Amino acid sequence: MVLVSLPHLGRDSIETWGLTLGRTWKIGRGGKDDGIVIVLAPNDRQVRIEVGYGLEDKITDAVASHIIQAYMLPAARKGRYAEGLTATIDGLTKVIVQPNALSFLDLSLDTELTVGLIVLLGGFVVIFVVVIAYVSTFRTRAAYPPLQDERTTSVFDDNQGVYQTLQAGSRDIRRDSLADDWRSPSEERGFSGMGGSFGGGGATGKW
Amino acid sequence: MRFVGLGILGLVVVLLIWGFTGINKIPTHEESAHAAWAQVLNQYQRRAELVPNLVATVKGAADFEKSTLEAVVQARAKVGSMQLPADLLTNPEAMRAFEANQGALTSALSRLMVVAEQYPNLKATEGFQTLQAQLEGTENRIAVARKDYIDAVRVYNTELKTFPGVVWKSLLYADREPMQQLQVDPAKQEVPTVDFGTSGN
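As you go down the protein sequences, you meet chains A and B in turn.
Here this note's numbering is used: the first residue of the first sequence is 1128, the next is one more, and so on.
Here this note's numbering is used: the first residue of the second sequence is 3, the next is one more, and so on.
One or more hints might be untrue.
[As the list claims (entries may be wrong)] List of simulated lysine-lysine pairs, BS3-like, C-alpha gap at most 25 Å: (1) A:Lys1159 - A:Lys1333; (2) B:Lys149 - B:Lys80; (3) B:Lys68 - A:Lys1333; (4) A:Lys1205 - B:Lys125; (5) B:Lys61 - B:Lys149; (6) B:Lys27 - B:Lys149; (7) A:Lys1221 - A:Lys1333; (8) B:Lys61 - A:Lys1159; (9) B:Lys80 - B:Lys61; (10) B:Lys80 - B:Lys68; (11) B:Lys27 - A:Lys1333; (12) B:Lys149 - B:Lys68.
In case anyone wonders, no lab produced these hints; they're calculated from the structure.
The model shown is predicted, which means the values in this text are computed figures rather than measured ones.
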């Protein structure tokens, strides 16, 4: 599961971002394609949950949409993004572990339970946090800024089941859109999974 | 003269080797394009299966605009009765017909969703919200599948027209024709216009 926060979507739709990042970063485990990309664009007031092929039966478009409506949007409207994202990840995790367990009407979250589940999942759920920041303002020919991983991210290595810490570097990218010249960060930053099969499943929410 | 002869021979050998490395490329790319197309059909099918549920749910709403609903039902029927010829991908006529029918369903559905905005009671039901999420998701999957197909066809068609693919085509794959390209979703460019009863009735 990867969380991406974008200051601006630029020319591309949030669906395109989710899909392209999921595919280029190969989110998910090889052969299982159980990756999820959550894209948050606070300034464009949009959020998207992009679901890999392997999870489409558990996190259907309707489930993803319900999670966004119930957990993300109420918090996002108040500007409390972290709260919304935490609840969203909780919701997704619950559904993955126990399909049909999510009561959409129950907005109260059992945080302790969820933390327990995440620990239990161990090598199953990989949570990266990536912050992509613009340095310059967005213009017609957007100068995309250094792609920065601003924090040291703790992750579960999904193939070995061990807890490890990734120190990601930063680099410069200048481009107009998510076009073909988007080089895979995996080649340069050691930031990659083995999955990557995404077919556009998931849901988008706007507020 | 001998050196020139050797030189030409060497060149031919190099070209042959270069060519041989690509001997499987045409069928490989063809398969990728076919797989991508299967995904396009698959997603359209998924959408078609959603329509009866959607129509049933919307019908339940008090005096829902009939013409809108009717348009969806008709477009769905047309898509359902469509015969897909075996040479669909290389047949421009058949491809145009396919695109026209699917496009008609796309616009009928998007118009339905716009009209539904006017029915708060309908929008509030869980059944409708679920269907709306599924429809939006499916439209997005269709867009993704179409883009993947467009990319796959571009690779395949390029292989047919460039060296060494063009040589292999003439030698082994003479029956292969370039596949039809899809246009960027026309439904995404036109915003459905909605006329709320100003025309009477």
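Quick rundown of the hints versus the structure:
Between the alpha carbons of Lys1159 of chain A and Lys1333 of chain A the distance comes to roughly 30 Å, so the proposed pair goes past 25 Å and is violated. The hinted pair formed by Lys149 of chain B and Lys80 of chain B meets the criterion: a straight-line CA distance of about 24 Å does not exceed 25 Å. Between the alpha carbons of Lys68 of chain B and Lys1333 of chain A the distance comes to roughly 29 Å, so the proposed pair goes past 25 Å and is violated. For a cut-off of 25 Å, the pair hint linking Lys1205 of chain A to Lys125 of chain B stands: about 23 Å separates their Cα positions.
Distance hint between Lys61 of chain B and Lys149 of chain B is unfulfilled; the C-alpha atoms sit about 34 Å from each other, more than 25 Å. Taking the CA atoms of Lys27 of chain B and Lys149 of chain B, the gap is about 21 Å. The hint holds against a cut of 25 Å. Of the supplied pair hints, the one linking Lys1221 of chain A and Lys1333 of chain A holds, its CA atoms being roughly 23 Å apart against a limit of 25 Å. The hinted pair formed by Lys61 of chain B and Lys1159 of chain A fails the criterion: a straight-line CA distance of about 40 Å is larger than 25 Å.
Proposed proximity of Lys80 of chain B and Lys61 of chain B is supported: the alpha carbons are some 20 Å apart, at most 25 Å. Distance check on the hinted pair: Lys80 of chain B and Lys68 of chain B sit about 18 Å apart at the alpha-carbon level, within 25 Å; holds. As the CA atoms of Lys27 of chain B and Lys1333 of chain A are separated by approximately 44 Å, the hinted pair breaks the 25 Å bound. For the hint linking Lys149 of chain B to Lys68 of chain B, the alpha-carbon distance of about 34 Å lies beyond 25 Å, and the restraint is violated.
Checked against the numbered hints listed earlier, the structure breaks hints 1, 3, 5, 8, 11, 12; every other hint is satisfied.
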